[in-house]
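K.L.:
Note that the protein sequences, when read in sequence, are chains A and B.
My numbering applies: residue 1 is where the first sequence begins, and numbers increase by one.
My numbering applies: residue 385 is where the second sequence begins, and numbers increase by one.
One should not assume that every hint holds.
Unchecked claim - Far from chain B by the CB rule (all over 12 Å, computed), these chain A residues:
1) Y42
2) R46
3) T78
4) N87
5) A108
6) T118
7) W135
8) G145
9) S150
10) S189
11) V230
12) G239
13) G262
14) S318
15) N372
16) Q377
Unchecked claim - Going by beta-carbon spacing under 8 Å, a handful of chain B positions derived as facing chain A:
17) Q726
18) V736
19) K739
Note that these hints are calculated values from the structure, not bench results.
C-beta atoms are modelled at their ideal positions from N, C-alpha and C, and glycine is treated no differently.
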Amino acid sequence: MKNFFYLSLLFVSPFIFNSCDTDDDDHDHDHDHDVVVAPATYSFERDGASTVSFSGQTCRLQMAKDIYDLMNDADGATVSEFLTMFNEGTGFDFAYTCGKNVGGKTAASPTASSTVKTQFEDMFTVLVDEVYPNWTSSASIGVSGQITTSTGSTYQVDGKGLEIDQAFIKGLMGAMVVDQMTNNYLTPSKLDGDGTTNNTDGLGAGEYTDMEHYWDEGYGYLYGYNNEHVGGSDNNANGPAEGHGVLVNKYLKKLDEGSHPGIANVVYDAFKLGRAAIVAGDYDLRDAQANIIREHMDKIIAQKAIDYLSGAAITIESGAPREDTFHGLSEGYGFVMSLQFTSYFSNSEVNSMLDQMMAGNGFWDISADDLNSMVGQIESASGL
Amino acid sequence: MDMKNYYYLFAFFLVLSSCEPDEDDHNSDYNGDGFDRSEMLINWADNIIIPAYDEFNNTLNELNTAINSFISNPSISTLDFASDAWLNSYKYWQHVEMFDIGLAEVINYKGKMNIYPTDSYLIDQNIESGNYDLDNNNNFDSRGFPAIDYMLHGLAESKDDIINNYISDSSHSQYLSDLVNNMISNTNLIIDDWDSYRDEFVSLSSNTATSSVNKMTNDFIFYFEKGFRANKFGIPAGIFSSEPLPNTVEAFYKKDVSKELAIQALKASRNFFIGKFFNYDLEVSSGLVGPSFEAYIDYLYSDNDNLSDLIQTQFQEAESKLSTLNNNFVYQIENDNISMLQTYDAIQAMVVSFKVDMLQALGVSVDYVDADGD
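Based on the provided sequences and hints, a complete structural model is requested.
P.N.:
This is the structure in structure tokens:
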């Protein structure tokens, strides 16, 4: 069923734009794809002024990092303070003025399950009520607290060994970044809207069409993070894989330098060419680029889920202490949550994997076989 | 894959047809695809819309009778009688709310009949002042079924206390009577208009933004997305807010009928999708069927596993999720909102099927967009 949906998405635009315009010819249907040339960098202008804008995404990505950082502090905030930051976008140390928030874009695409946002909100309660009170005392089966790995690293986990901040931020990889990007902004139905979204009539210097902006917003979820608001110079918009921040760009860089060399340029090129295609009115080319982006975003999520789960299985099989697996398993847990926003898995399939991870005493007694079977499931769905 | 080839073929025909000078808006049967859209419009008008309005009007008159007998003799039995008549008419209303076309659209008919949550303070104020115009849009949330809900079930905790409001102060009776009379007069306007509008409606069969097929298709999907999905499930379950908002359910004051109304609304949507003739007995599931979206999709698709099968399966899934909910949505949301959200998910999947896949299959452009973005 899911395939059917995506297949049909591919073909939306020709139908919406099939009327033969006699008045103004924004959309040329007979053009040759070869004439659309992507610029060297993601920069687009109208009458000499940039039309690229994704400040809303920058703000949300910064807020997500702030919440994550606070979750790593002993007694970082109360549940209601966390919820205010998450849902209202206020209450941070830095006084954001963008009026955005993370919660409103968590599992918020047309195909996301509405049950997911609550799972994120509930993490704050577990963190504050169960983990914070035992921050420095030793965790054990069923008891939250601190664990120490055989290499001396310390982490704070709940009674099942789950590190809440990792589940949260790795979960947002899919629930916010991938979901907003590939299930919302880069879909033909969003981009095409009512068929007037790419009308350039009357646009002045630096003004953009809705369609151009939607594409930029998709771009912004991957490349929008910077820390200039706090005086830093990190900026993911500087290139194909800067790797700053705590969300997908970081893993794009990791895969590019590791298991999937070249992936960063493929994605970056697709974003540039898709945006150029919008300017040229070539929606087939645009949708082809969106599909390339989706394919590779999905790959990043699935690859990291596989890496973390199989890594933990190897550690368990080696006979190392259980606690050595918790940090990676917690990251894996978040990436498994994220899988439902790829084209590989549904919400209920993901929930049953999460249940499997949390069954019994959770990470304290999950077996290498269990993990390997989940890895096999993800590999076969993703083709990785 | 077969489907892919089919799409290309279809796109080809569509482009051809839309390139021809389109001067015959009013007598074109075809959309270039061979499907008789006029027959579909005739089915919609004569077998579904007009009969549904007529039957709905009958139930409103019954509600009026029941309210009059309650007003002239306020008692628990006449109150219960009025409450039953209100619920019955409210169920039929679910079968006409989607037809926001023609005069209904012009006068904002659905906005006069079913805006909730109702504003109990404004209603109290209106009763107190005796100075109100229910057709004025300032009163958008103090009229229609939700206002009657408050007047019959929400004025006080106990039935006796509710009745005492009417015994001690005739302005309550006046307001209740004005509410139902306003609903009847607006409904009569719509029904009268369909007498003449019917021919225009069925004649506009082409594929333009203002044709009846395109408008009604958009109205249907808009209703399904907003009137059904968002109003009945999404808003109360907290989809659009940081917390659930149980006080925004339909029939908030009666409370134990939100599910029943939602079941009727889903049934009405399904009936319209398959083209089932309106039946005054809402519980009868069999019956004659004429051309509608299902037949149109089946005509265009030759595959066995086609979109209309998918949508039928999704209707069953939505019905099955809905059937697990408590009759009282306030209770449901406060005790197990996840089930409410899962029902919402099943309905949302249908919105995607309608708004993306069905519109694309029919070659109809969406005429409304969500204004969400950064």
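K.L.:
Would you mind marking each hint as holding or not holding in the structure?
P.N.:
Each hint, compared with the structure:
no.: 1; hint: Y42; verdict: holds (17 Å)
no.: 2; hint: R46; verdict: holds (19 Å)
no.: 3; hint: T78; verdict: holds (15 Å)
no.: 4; hint: N87; verdict: violated (4 Å)
no.: 5; hint: A108; verdict: violated (9 Å)
no.: 6; hint: T118; verdict: violated (7 Å)
no.: 7; hint: W135; verdict: holds (27 Å)
no.: 8; hint: G145; verdict: holds (29 Å)
no.: 9; hint: S150; verdict: holds (39 Å)
no.: 10; hint: S189; verdict: violated (5 Å)
no.: 11; hint: V230; verdict: holds (21 Å)
no.: 12; hint: G239; verdict: holds (23 Å)
no.: 13; hint: G262; verdict: holds (29 Å)
no.: 14; hint: S318; verdict: holds (39 Å)
no.: 15; hint: N372; verdict: holds (30 Å)
no.: 16; hint: Q377; verdict: holds (22 Å)
no.: 17; hint: Q726; verdict: holds (6 Å)
no.: 18; hint: V736; verdict: holds (5 Å)
no.: 19; hint: K739; verdict: holds (7 Å)
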